[in-house]
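Okay, here's what each chain looks like letter by letter:
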Amino acid sequence: MRIHTTARTALRALARNPMRAMLTTLGIVIGIGAVIAMMEIGAGSSAALQKTIASMGANVLVIRPGTASSGGVSFGSGTTTTLTPEDSAAILKECPAVRNGAPIVRARTQLVYGNRNWVPTYIYGTTPSFLDVQDWPALAEGEPFSERDVLNATKVCLLGRTLVRELFADESPVGKEIRLNNVAFRVVGVLGAKGANMMGLDQDDIVLAPWTTIKYRVTGSSLSSSNQSATSGASGDSVNTLSNIYPGSQPSLYPERSAVQAANNPMPVRFANVDQILVAARSAADVQPALAQITALLRERHHMRPGEPDDFNVRDLTEMTKALSSTTTMMTNLLLAVAMISLVVGGVGIMNIMLVSVTERTREIGLRMAVGAKGGDILRQFLVEAVVLCLVGGAMGILLGHGGSQLVRIFMQWPVATSPVAIAAAVLVSASVGMVFGFYPAWKASRLDPIEALRYE
Amino acid sequence: MGMEFIELRDIRKSYVMGDMTVPVLKGVSLTIASGEMVALMGSSGSGKSTLMNILGCLDRPTSGECWLDGEEVSRLSNDQRAFVRNHKLGFVFQSFNLLPRTSALDNVAMPLSYTDEGLSEREARQRAAEMLSRFGLGDRLHHEPSQLSGGQQQRVAIARALINRPPLLFADEPTGNLDSKTSEEVLRMFEQLNAQEGITIIMVTHDLGVARHAQRTIHVSDGLIVDNAVTAPPTTGPGGGT
Ligand SMILES: Nc1ncnc2c1ncn2[C@@H]1O[C@H](COP(=O)(O)OP(=O)(O)OP(=O)(O)O)[C@@H](O)[C@H]1O
Ligand SMILES: [Mg+2]
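In order, the protein sequences belong to chains A and L. When you line the first sequence up against the working numbering, it's residues 11 to 467, in that order. When you line the second sequence up against the working numbering, it's residues 919 to 1160, in that order.
Extracted from the complex, chain L is given alone in its bound form (with noise of 0.2 Å):
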């Protein structure tokens, strides 16, 4: 390939606040590699979601290149960057995110009507019905999300940010709001996703326990990768990343 599928050079992002400016990424480089689950880790307001968001097409770096599937994308106009995310990137929030008042299937089948493929809206229905189906909410699809528990919401979170099928899957903190039992269902969750489908995962944590199902820990301090290590394979993944 010759290219990496993620690759940041000398990424660096400063906010503006009145007549100073505080830089918050102080030239951030690094790759990943497709199929690769990565954790993001490091103390808080060290940039981690400030990096993730970058990563994610959401925020534009103030100067460096971000290169995602061999695309230069800081530099993409606002509709191509909403093209990426709907067709390449998905993304799984702290707060799950999810519109009230919306039934879960609804709320999966949202980003559906962004796409250019034109499916009907039956077929949108049916492929939410289908992606919620797979994470044990069959029978919740018409659950508003304030009659679903944290964990189901997080999945339909999840389902939401699987339906169109993307390459690529953003998490921050997604077990921040979760207790120790749903988290580790959702964890393995991911795994599952990344072994059986190739699909790249970056999660951002502040929880080694989080951070060791991934096969790579990248250590953030200070708007700076300070650590870069490769941590030994889970016992559920695929044979290893090094």
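Excised from the complex, chain A in its bound form (with noise of 0.2 Å):
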């Protein structure tokens, strides 16, 4: 007896009576649907959830040069110089696990506008990817600044709300002059607000310049000056070649140079080292790939002998990941539990009108044996009876539970995602406890004797 013949006697048999199969089904209706449901709610607040871990920087990598140390005192992290803006765009080119990144460099002295005066927690100097990397918030007002500003080294610069707090009052700052270190910046833009971090430090006293103003304008002296041994020792040309993305060592910067000019005053080394390099990897997945790609590639940048310690660290920020995946599994866990429950309920409830079906139509299954059919027949009609009947409930099911989360979505503005893996899931497991659960019934029906069916009253 082939297959769709089968399922058509199956069908018919279940519109002889499509009261009792519909309430049949109603646990694996209601079953399917609350999964399907929760699923789908699930999947939206978890992509919320992850989005907000995500912009609490999750996803970031923090790259630092490595510890400088000269006869066994080491100076700590960063105090080597071996960073370059090229290793920056090195890594966004060729980690593929790697969705941005942007250079820092540092700097700490105090902002003036007008009488006010402040010392911001952050002066970045950095490229216009810094925003994304950090997953900041859309700009309140104005615009950021640009890869030209960073090539130019312009003089621009965007301000965190504290700081338009404390310096501006009221006023929109947007277009004002600061003066950092007694060079004067144009506010260009506000960033939105962010609030504190993981350490409680605010995000927002904040103020973001182009890299290299930050570094040849503002710092560009005394952190030389401060590192003079450490260039001088790791002079090497190609570390100090910029690129073409980078030309913030080109002599356009200044008024070209003759040759006896550059020889009656020589002009010291500028070193393009950064501070750190921020990188962001795609998902939270990627944040281990991205790791290994990065100390790879550094390690071939950097010219690093196998065997030799690194000369940067790479830091992820895997308490949060940690937490996050694990927010996730426990979600994903406890939504299987009560799927879980909610079908075996349901496929109990088939099983036992199965049974009551079975005993009912034990006349049935006796002529059909009379005329020919096989024990096999008989189990593959009851079988495909069930599943037929949980596959019609796990259909209503979908419908019903993306009907539900919908409304949630629409009346209480909960984050939905329609989730197709959770409806391929549904249909097969509405297949599977038909089979399981009509399997009892079906056997004991193609067990019968058929004169003892044909008699049965």
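None of these hints come from the bench; they were simulated from the model. The reader is advised that the hints may include incorrect statements.
Claimed, not checked - Here are the computed distance ranges between Cβ atoms for each label pair:
no., chain 1, residue 1, chain 2, residue 2, range
1, A, 32, L, 1057, 30 to 38 Å
2, L, 1013, A, 365, 23 to 31 Å
3, A, 457, L, 930, 20 to 28 Å
4, A, 462, L, 1139, 23 to 31 Å
Said to hold, decoys possible - On the chain L side, residues computed to face chain A include the following (Cβ under 7 Å):
no., residue
5, 971
6, 976
7, 978
8, 1000
9, 1004
10, 1015
11, 1017
12, 1019
13, 1029
14, 1031
15, 1032
16, 1034
17, 1035
18, 1053
Unchecked claim - Partial list, computed: chain L residues near chain A (C-beta under 10 Å):
no., residue
19, 997
20, 1042
21, 1109
22, 1113
Built from N, CA and C at the ideal position, the CB exists for glycine as well.
From these two lone chains plus the hints, build me the complex, please.
Structural data, given as structure tokens:
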């Protein structure tokens, strides 16, 4: 007996008692419906949660230069000057797990506007990618500075909310001039509010400017002098030669000097190191691959021999990633447990009614056997009936659950995400429930003796 | 041929009820030739139905051999017996045994879904419709059993029994639930099938009038065959079984 004939026979048998079929499958409808609704709402909140955690920096890797040490005295992390903006560009280009990256040059100095002053927690020289890497909310006002500003070391900056509050009170700072270390910067935009970070530091207490500007105009002299020894020690041309993307050291910054001028008045070598590179992995799962790729790439770029310790270190926010993944798995497991319970309940309902049905249709079974149905045919018929019942219930459950989650989305504004995986799983699960719970009644039916079945009243 | 179409050799059947065995058939031997129309008669509880069920591969004897068309069917596996029932045998029951809430057409087509022929749904229904038309039910194809008269229901049952063109038809009190006029109709149908298509028919009956339509009447009493007489061939039957 072919399967589609069996399916049609099953449908016809179910259609003989549609009300009962409906009630029988109600358990499955509700079970699958609940699972789908919870999966969709769960997936929605999980996506929202992931986004939140990502905005807290869970996907961000921090690359810092290694430790300088001299005669057994370590100067602590970041005391060598081995990271360059080219490293940042190369990471972006060659590490597939990396979404974006930005070099950072730090400064700490006083910020002056009119008669007020303030020392911001963060003065970062960076590129426009920084905002994306840090997943910064949209600008509250104005425009971010551009790559071109970075190339030209333009004196523009973005201010965090705290600074605007402290220095500008009620006025809009866009277009105004502030002074950093006696260098005038034009404010081009105001960052959106981000609040405190995990350590409780106010992330809105920040000035962002092109890293070239901070490096060469604000901290240029002091930093390069403080690191003079390291610079001369590592003065390889390969490290100093800047690519076209970062032509910060190109003479175009300053008026072209003749050979005589250069000989008469040598300029200090301007070593374009950066204090750290921030990198965003594509997703939480990409953090570890990104870490490996970056390590391999930087070792190669820094010509490190095997066995030589890294001259940089890469940190991820493992704690947060762990928290994220454990939250998600816990949620999934919880949903699965609820799904299992409701489906088992639905399955028991199916089994119960199928047993009643087998008893009730004993004569039919006997008759079918008398005209030549084999035990296997009867088994298949009842099994297919149970599976069809469950699939119909599953389909209605999917509609119900999807409708429910849409209602939740519309009336409660919860984030929901349609999950094709959940739908496929629901179909599979309802078919399996039919198989598992329909098997015993079907097996019982197939084992009936034709004579006794025919004689059954 | 050497081998009869149906041959029973010392068939015994007993039921075990608790700690005692109830013998129902106590050594039945008989032969039936192909193309015969036989009536099984006997008092109630004499074992007619039991005998018919054994012949019809529905039941197994406790001992003895049951040869059908050259095969010892009592030792076949369940699936093989189902195959024999499907291809060689047709059953008509006293209580019609139609599927409730199922159209006449689907009732008749039902055995076709258990054949290996691989008929499509459409072919099967076509064949069922032809069969129903032959029994004068061409305009009742989509009636459910509850919408048919007793005689019509029995004709649907006969159509179903014959849908696989079996050479052997069993009927257990086929007219037990019908009035005398309808009974006559059904019996005439049997005679026709027997005469025109050579279908071997074995029917169980209490009614001497019914038995008179058969060429031979086998009397069963208390689990034994007591009389195996050949009655006069009916007027409409083929030229005698003597
Ligand atoms: N499953 C069973 N268990 C025990 N005894 C049975 C069983 N089936 C039949 N019998 C007994 O076998 C005997 C013969 O039954 P059977 O049905 O063959 O009679 P019958 O000749 O067809 O009678 P009727 O004309 O009333 O239909 C009866 O006495 C019955 O009690
Ligand atoms: Mg009987």
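Hint-by-hint comparison with the structure:
1. Under the hint 30 to 38 Å, the C-beta atoms of residue 32 of chain A and residue 1057 of chain L, about 34 Å apart, fit the expected range.
2. A hinted range of 23 to 31 Å for the beta carbons of residue 1013 of chain L and residue 365 of chain A is consistent with their spacing of about 25 Å.
3. Between residue 457 of chain A and residue 930 of chain L the Cβ separation comes to about 25 Å, which falls inside the hinted range of 20 to 28 Å.
4. Our hint of 23 to 31 Å for residue 462 of chain A and residue 1139 of chain L holds, since their Cβ atoms are close to 25 Å apart.
5. Taking 7 Å as the C-beta contact cut-off toward chain A, the hint placing residue 971 of chain L at the interface holds, the least distance being around 6 Å.
6. At its closest, the beta carbon of residue 976 of chain L sits 5 Å from a beta carbon of chain A; the interface hint therefore holds under the 7 Å criterion.
7. A cut of 7 Å between beta carbons decides the hint on residue 978 of chain L: the least distance to chain A is about 10 Å, and the hint is violated.
8. Restraint check, residue 1000 of chain L versus chain A: the minimum CB separation of about 4 Å is within 7 Å; hint holds.
9. Hint status for residue 1004 of chain L: holds, given a least beta-carbon distance of 2 Å to chain A, under 7 Å.
10. The restraint placing residue 1015 of chain L at the interface with chain A holds, with a minimum CB-CB distance near 5 Å, inside the 7 Å limit.
11. A hinted interface residue such as residue 1017 of chain L counts as satisfied when its beta carbon comes closer than 7 Å to some beta carbon of chain A; here the least separation is about 6 Å, so the hint holds.
12. A distance limit of 7 Å between C-beta atoms decides the matter here; for residue 1019 of chain L the minimum to chain A is near 4 Å, and the interface restraint holds.
13. Satisfaction of the interface hint for residue 1029 of chain L is found here, the shortest Cβ-Cβ separation to chain A being roughly 4 Å, below the 7 Å cut-off.
14. Restraint check, residue 1031 of chain L versus chain A: the minimum CB separation of about 5 Å is within 7 Å; hint holds.
15. Hint on residue 1032 of chain L holds. Least Cβ distance to chain A is approximately 4 Å, under the 7 Å limit.
16. Among the interface hints, the one on residue 1034 of chain L is violated; its C-beta lies about 9 Å from the nearest C-beta in chain A, farther than the 7 Å criterion.
17. Nearest Cβ of chain A to the Cβ of residue 1035 of chain L: about 11 Å, over the 7 Å cut. The hint is violated.
18. The beta carbon of residue 1053 of chain L comes no nearer than 17 Å to any beta carbon in chain A, farther than 7 Å, and the hint placing it at the interface is violated.
19. Because the closest C-beta pair between residue 997 of chain L and chain A is about 5 Å apart, less than 10 Å, the hint holds.
20. At about 8 Å, the closest approach between the beta carbon of residue 1042 of chain L and any beta carbon in chain A falls short of 10 Å, and the interface hint on this residue holds.
21. Interface hint at residue 1109 of chain L: violated, since its Cβ lies 23 Å from the closest Cβ of chain A, which is beyond the 10 Å cut-off.
22. With a cut of 10 Å, the hint placing residue 1113 of chain L at the interface with chain A is violated, because the nearest CB-to-CB distance is about 25 Å.
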